[in-house]
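Engineer: Chain by chain, the residues run as shown.
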Amino acid sequence: MFHWLEKNPFFFSVGVFVVIAFAGLVEIVPSFAEAARPIVGLKPYSVLELAGKEVYKKDHCIACHSQLIRPFKAETDRYGQYSVSGEYAYDRPFLWGSKRTGPDLHRIGNYRTTDWHENHMWEPEELVAGSIMPAYKHHFTNIADIETAYAEAVTVKEVFNTPYGDEIKAGEEAWNAYKPQVLEEAKAIAVDMKHPEVHEALKKGEVPEIVALIAYLNRLK
Amino acid sequence: MNSMVIKALGVSGLLIVATLAMVLSMDIDLNDPINAMTILGAIVIATATFGVTSKYISQMKTDKAEGELTDENWDGIGEYKNELPSGWAYTFLGTLIYTVWYFLIGFPLNAYSQIGEYNEEVKAYHKKFEEVHKTSDIQTLQSMGQSIFLVQCAPCHGNTGDGLNGKAHDFSKRMSKEQVLHVINNGQNQLGYPMGEMPAGMAMGADAEAIAVYVAGGMKGEQPAAYGVCAGCHGADGQGMGGMAPSIAMYDEVLVGHVLEHGKKGVIGKMPSFKTRMTPIQEKALTVYIQSLTM
Chain S
2 MFHWLEKNPF
12 FFSVGVFVVI
22 AFAGLVEIVP
32 SFAEAARPIV
42 GLKPYSVLEL
52 AGKEVYKKDH
62 CIACHSQLIR
72 PFKAETDRYG
82 QYSVSGEYAY
92 DRPFLWGSKR
102 TGPDLHRIGN
112 YRTTDWHENH
122 MWEPEELVAG
132 SIMPAYKHHF
142 TNIADIETAY
152 AEAVTVKEVF
162 NTPYGDEIKA
172 GEEAWNAYKP
182 QVLEEAKAIA
192 VDMKHPEVHE
202 ALKKGEVPEI
212 VALIAYLNRL
222 K
Chain G
-14 MNSMVIKALG
-4 VSGLLIVATL
6 AMVLSMDIDL
16 NDPINAMTIL
26 GAIVIATATF
36 GVTSKYISQM
46 KTDKAEGELT
56 DENWDGIGEY
66 KNELPSGWAY
76 TFLGTLIYTV
86 WYFLIGFPLN
96 AYSQIGEYNE
106 EVKAYHKKFE
116 EVHKTSDIQT
126 LQSMGQSIFL
136 VQCAPCHGNT
146 GDGLNGKAHD
156 FSKRMSKEQV
166 LHVINNGQNQ
176 LGYPMGEMPA
186 GMAMGADAEA
196 IAVYVAGGMK
206 GEQPAAYGVC
216 AGCHGADGQG
226 MGGMAPSIAM
236 YDEVLVGHVL
246 EHGKKGVIGK
256 MPSFKTRMTP
266 IQEKALTVYI
276 QSLTM
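Those protein sequences? They're chains S and G, same order as listed. Under the working numbering, the residues of the first sequence are numbered 2 to 222, in order. Under the working numbering, the residues of the second sequence are numbered -14 to 280, in order.
Just so you know, these hints were derived from the structure itself, not from any lab. A hint or two may mislead.
Derived DSBU-like pairs (lysine-lysine); straight-line CA-CA distance at most 35 Å [stated by the list, open to error]: (1) S/Lys158 with S/Lys8; (2) G/Lys152 with S/Lys44; (3) S/Lys59 with S/Lys74; (4) G/Lys260 with G/Lys152; (5) G/Lys49 with S/Lys138; (6) G/Lys49 with S/Lys58; (7) G/Lys250 with S/Lys44; (8) S/Lys188 with G/Lys162; (9) G/Lys49 with S/Lys8.
Example chain S residues on the side facing chain G (calculated, C-beta under 8 Å, incomplete) [to be verified]: (10) Pro72; (11) Phe73; (12) Gly81; (13) Ser86; (14) Tyr112; (15) Arg113; (16) Thr114; (17) Thr115; (18) Trp117; (19) Glu127; (20) Leu128; (21) Asp193; (22) His196; (23) Lys204; (24) Arg220.
Remember, it's a predicted structure, so these values are computed and weren't measured experimentally. Even glycine gets a Cβ: it sits at the ideal position worked out from N, Cα and C.
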């Protein structure tokens, strides 16, 4: 057999590749497959949370905030349990970030609440002395695009098999039937909010960006 | 010994002499063992290099190829059937054994784990922390409490604990009148005290107002008659009967601990639970610091 291999350099190369690649296969592939699985109890983002994630992306929060807590004591003391890859299973795209001008936000939902976010987004320096974060007052008047967020949910459900319920499906009819749920979720968040324009918009059946964003931030745990 | 080897040894001898001449001209102390060993090393290297090189060059010039050929030949170039060089063969065998060991034992059992290192670091730190602060005095606890407060609490309660103009609870006093009234009107059952739920509407109208003024005023002066209904659980002094109900007179350790564990939603807003974010010593330190804010 070895003589045969020596006479056939192509198959010899293939053999060498297989032997060398084997070590990589047994060490990398199993942990890769394991890590890509969602952690137990992880739920996909609700439509409102997806709309908030779009706001997060649109205003480029990732430029100053990361969403990845590394396993170092200094980091877990401040931000909580270190991140594991299965937590990002439904993040498309994930928003790890690599720049921390502001703090990490991966578990912000554990230690900040709706009313804090409302005050902070309106005027960050009133809460955190010396903060250089800009105010995001336009979030209170801009309307979040929950319809596109719904379309995103439908897409990831169909393309990636993200486990959404049966009520999330393509078509305008399905969206009109689902929309009240999104508004209910938004109203539940707005109960803790003080700005009148938020409540006015919700009465009209619109969701201000700030509500969607807070829903998303509260979800980060 | 052929002429080649002699020439080589001659060159190395020349090198040695040149080295020695150089060393002597530099006035180096050869009695120093390190210097002596360096010189000795230089001599050995020069001799060995030229000796070995000349041996192989002369062997290439004189040796004849001989032995049994293998069956293959490539355009007339053949290969002898040689024994494996023993050094190479043992190394190869050793590699095979090591591979099997590494595959079955070495990698699975001894692999580096970042999380493992993190766990050990945290464990070691906590052990040291517990030991160092077993008997910390009040000043140490207070300054530790201040650090914790600035990191964990200040974003909502403000750097001085004043609640940032009503955006969070104000630590300069126990409760405001508005907060007391809110609790009386809505009841309270969030903190997990043994006494359990405080029902809404324990006092009404002017009575509630009188209680609120009295409690918000730091429980000083004459106690209003209506306070009797509070005293049943919170005690006549408002201290909470030794941890059975929340103290409404001061921030004791039980109160801080319960609020940190359960979080609380009051008239101002909602505070999340900080359950996993502090050790008992840190909670104690935080209590000491918060108490220092009301004084």
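Engineer: Does the structure break any of the earlier hints, and which numbers would those be?
Structural biologist: 1, 5, 6, 13, 22, 23 and 24
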